[in-house]
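Engineer: Below, each chain spelled out in residue letters.
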Amino acid sequence: MSLEAHLQQAVLLKKVVDAIKDLCKDVNFDCSEKGLQVQSMDSSHVALVSLLLRESAFSEFKCERPTSLGMNVDSLSKILKMCSPSDTLKIRWQGGADTVSFQCEGGEDRIADFDLKLMQIESEHMEIPEQHYKVVARLPSSEFQRICRDLREFGETMQVKASKEGITFSVQGDMGAGNVLLKPREADKLEDKVSLTVHEPVTATFALRYLVNFSKAAPLCGSVELGLGPDAPLLVKYDLENSDNGHMQFYLAPKIDE
Amino acid sequence: MSLEAHLQQAVLLKKVVDAIKDLCKDVNFDCSEKGLQVQSMDSSHVALVSLLLRESAFSEFKCERPTSLGMNVDSLSKILKMCSPSDTLKIRWQGGADTVSFQCEGGEDRIADFDLKLMQIESEHMEIPEQHYKVVARLPSSEFQRICRDLREFGETMQVKASKEGITFSVQGDMGAGNVLLKPREADKLEDKVSLTVHEPVTATFALRYLVNFSKAAPLCGSVELGLGPDAPLLVKYDLENSDNGHMQFYLAPKIDE
Amino acid sequence: MSLEAHLQQAVLLKKVVDAIKDLCKDVNFDCSEKGLQVQSMDSSHVALVSLLLRESAFSEFKCERPTSLGMNVDSLSKILKMCSPSDTLKIRWQGGADTVSFQCEGGEDRIADFDLKLMQIESEHMEIPEQHYKVVARLPSSEFQRICRDLREFGETMQVKASKEGITFSVQGDMGAGNVLLKPREADKLEDKVSLTVHEPVTATFALRYLVNFSKAAPLCGSVELGLGPDAPLLVKYDLENSDNGHMQFYLAPKIDE
Chain A
1 MSLEAHLQQA
11 VLLKKVVDAI
21 KDLCKDVNFD
31 CSEKGLQVQS
41 MDSSHVALVS
51 LLLRESAFSE
61 FKCERPTSLG
71 MNVDSLSKIL
81 KMCSPSDTLK
91 IRWQGGADTV
101 SFQCEGGEDR
111 IADFDLKLMQ
121 IESEHMEIPE
131 QHYKVVARLP
141 SSEFQRICRD
151 LREFGETMQV
161 KASKEGITFS
171 VQGDMGAGNV
181 LLKPREADKL
191 EDKVSLTVHE
201 PVTATFALRY
211 LVNFSKAAPL
221 CGSVELGLGP
231 DAPLLVKYDL
241 ENSDNGHMQF
251 YLAPKIDE
Chain B
1 MSLEAHLQQA
11 VLLKKVVDAI
21 KDLCKDVNFD
31 CSEKGLQVQS
41 MDSSHVALVS
51 LLLRESAFSE
61 FKCERPTSLG
71 MNVDSLSKIL
81 KMCSPSDTLK
91 IRWQGGADTV
101 SFQCEGGEDR
111 IADFDLKLMQ
121 IESEHMEIPE
131 QHYKVVARLP
141 SSEFQRICRD
151 LREFGETMQV
161 KASKEGITFS
171 VQGDMGAGNV
181 LLKPREADKL
191 EDKVSLTVHE
201 PVTATFALRY
211 LVNFSKAAPL
221 CGSVELGLGP
231 DAPLLVKYDL
241 ENSDNGHMQF
251 YLAPKIDE
Chain C
1 MSLEAHLQQA
11 VLLKKVVDAI
21 KDLCKDVNFD
31 CSEKGLQVQS
41 MDSSHVALVS
51 LLLRESAFSE
61 FKCERPTSLG
71 MNVDSLSKIL
81 KMCSPSDTLK
91 IRWQGGADTV
101 SFQCEGGEDR
111 IADFDLKLMQ
121 IESEHMEIPE
131 QHYKVVARLP
141 SSEFQRICRD
151 LREFGETMQV
161 KASKEGITFS
171 VQGDMGAGNV
181 LLKPREADKL
191 EDKVSLTVHE
201 PVTATFALRY
211 LVNFSKAAPL
221 CGSVELGLGP
231 DAPLLVKYDL
241 ENSDNGHMQF
251 YLAPKIDE
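Residue numbers (this note's numbering), protein chains in the order written: chain A, 1 to 258; chain B, 1 to 258; chain C, 1 to 258.
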């Protein structure tokens, strides 16, 4: 057995897959003793998706030697729809096999399994250089999703402007111009907080259609982290419940005004 | 500042706009010291929409001189989707400006605003003569909506027949003929009541597609008032929560049988 | 009056009609002193639908002499949408009339009625021979619906394999191969149980699109019964709440492998 990975809750992988479903068609799951990793450009080769599921996220994890398993994201999503939220999930791959097996159990008397055909996907390994962001903002992930969706109605492009006073999301279009301003906000629950770490104020502009897709990862984590720098790609990051277990990251290059 | 109007609950304007969204494309908001008013034919020039938001509906209202602000209803609806149900709304227009500003606040740490471009809309001011209806019926607005929707499945035209005994909504079509009869009904809550004030029994016929659209205003008020007269337009009226604050009225000419 | 049938709850007929709506276009309701019966091939002449509503299902039932009333299922569904879940329903047909009347009452102050035009439908009376199934399986109807829907995503055909150990539903397609295994399961509520009566293990293959449609009858009954035999049609059976009152049965011929 070259890979054996058990998740206590199948729903974790389900949320991960749903989060990238509208961005990527086929992806490589890079397996190593450290866990599972996906790095992929979105279908239009503009945004970068980076998932890390550390071995600690699994109740059992064994990977004999590093390997890349290419899967169709849509198929994966259909397989995971067979799992109930509380089901456990076992992923198994025998070295050399052309299928990977997903087995999902809810109690002892219901077992659903699927042998998914693997694909050869050309993998362009990307080195993501560690960034030192001028601004790191943390806000409720549902709020971020709502802002992206609301502003998407008015235009294609969103300007983000962050300073110590707050973070403003702006749009301009045929109907007029709109802004949503969030000020830093204390709260009991981490996911209700708005916090800003500002080394230098930043203003940058991004394509809304990607942000709308990134923000669909909201079910993964109550809060989202945005990393901003001048002329740097935007980082949109969701921790997996326990941040030690990994994260889902999206990167998007800024739009440069002519 | 030529207009400054604050609503305690943005949701009121949201419901109003949703109620006319499927009928009118662009409308003039006529502002005066009395409040805001919309009078508009529907896009097919068959039905008449008449909205009155009295200044008492606003927590603050100032209008220096009467003016007409032309807006696209769909844009307005998108702007108001940015407001949460409990948000406050501030509408501002500076004399002469070509945009009107909507600012929606939920607490102090989230402010969404939008500057909507104004439009020139030819306004045909209509005098709606005070009618003395032969029948005034009051019924639950959700019931009215359901009847219109259900009967719409069977035909294009609805006959309304009202007497002291009750009000009957009828339809005829290829599948057959159907009726819904409501009898006067006492109830604790006003919105559950069915009451009929009948000076003279009335029978009249109307195009269902408009009634279905009117009845979408149900979220504005738990009960709806129908005014009927022989050969007179039908009145469909929704009070704004507190009826002193205004109302939403629809008028529809009857169909004359040949 | 040739037929007078009263149902305490209109919703029973509503569920029945919804269950056959996607299978049959026009059907004959065969009325006799025993109750109402529908036997019809589905529109593609592959599956057989058999409904029995015994006279005991009605609070009042009178049928002077056997007759067949041909109705359009879609129209019937629209009429029954006029009924609230707790409404009573009265079905009336006067011998020789070309319409059948449905009257649905919720309390005394709301009466909806519809005179549905009858149709002449060529009725091919089918004798369904009593089958002695090698396997009779009983499982939660919602579970059966979910399995059919989930597997439908992967292929056109489902293999059912039943033995004393359990029942396995399998599919094969371009993405790979999947199975759902249910083992016998005790439970307090009948509708949570999985039970298998096995005279001889059976393996048979069926077209999933019909099974998906059959399984929509789930609201009729918490559990569903499957009858299987080698080379025999599959029986999918839903009792009406009280099984003495009748049942809804679907039959589907197996796919023969070449």
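Among the hints, erroneous ones may be present.
Copies of one chain are not kept apart here, so a pair can be met inside one copy or by any two copies together.
Claimed, not checked - Simulated pairs of lysine-lysine, DSS-like, Cα-Cα distance not exceeding 25 Å:
1) LYS78 <-> LYS164
2) LYS193 <-> LYS25
3) LYS90 <-> LYS134
4) LYS164 <-> LYS255
5) LYS216 <-> LYS81
6) LYS62 <-> LYS189
7) LYS117 <-> LYS21
8) LYS161 <-> LYS117
9) LYS134 <-> LYS78
10) LYS62 <-> LYS255
11) LYS216 <-> LYS78
12) LYS78 <-> LYS183
Keep in mind the hints are simulated off the structure, nothing from the lab.
Engineer: Hint by hint, say whether it matches the structure.
Structural biologist: Structure-based check of all given hints:
no.: 1; hint: LYS78 <-> LYS164; verdict: neither (44 Å within a copy, 29 Å between copies)
no.: 2; hint: LYS193 <-> LYS25; verdict: neither (34 Å within a copy, 40 Å between copies)
no.: 3; hint: LYS90 <-> LYS134; verdict: neither (41 Å within a copy, 34 Å between copies)
no.: 4; hint: LYS164 <-> LYS255; verdict: within (23 Å within a copy, 64 Å between copies)
no.: 5; hint: LYS216 <-> LYS81; verdict: both (17 Å within a copy, 18 Å between copies)
no.: 6; hint: LYS62 <-> LYS189; verdict: neither (35 Å within a copy, 40 Å between copies)
no.: 7; hint: LYS117 <-> LYS21; verdict: within (18 Å within a copy, 37 Å between copies)
no.: 8; hint: LYS161 <-> LYS117; verdict: between (45 Å within a copy, 23 Å between copies)
no.: 9; hint: LYS134 <-> LYS78; verdict: neither (40 Å within a copy, 33 Å between copies)
no.: 10; hint: LYS62 <-> LYS255; verdict: neither (42 Å within a copy, 42 Å between copies)
no.: 11; hint: LYS216 <-> LYS78; verdict: both (18 Å within a copy, 20 Å between copies)
no.: 12; hint: LYS78 <-> LYS183; verdict: between (40 Å within a copy, 23 Å between copies)
Of the hints listed earlier, those the structure fails to meet are numbers 1, 2, 3, 6, 9 and 10, in rising order.
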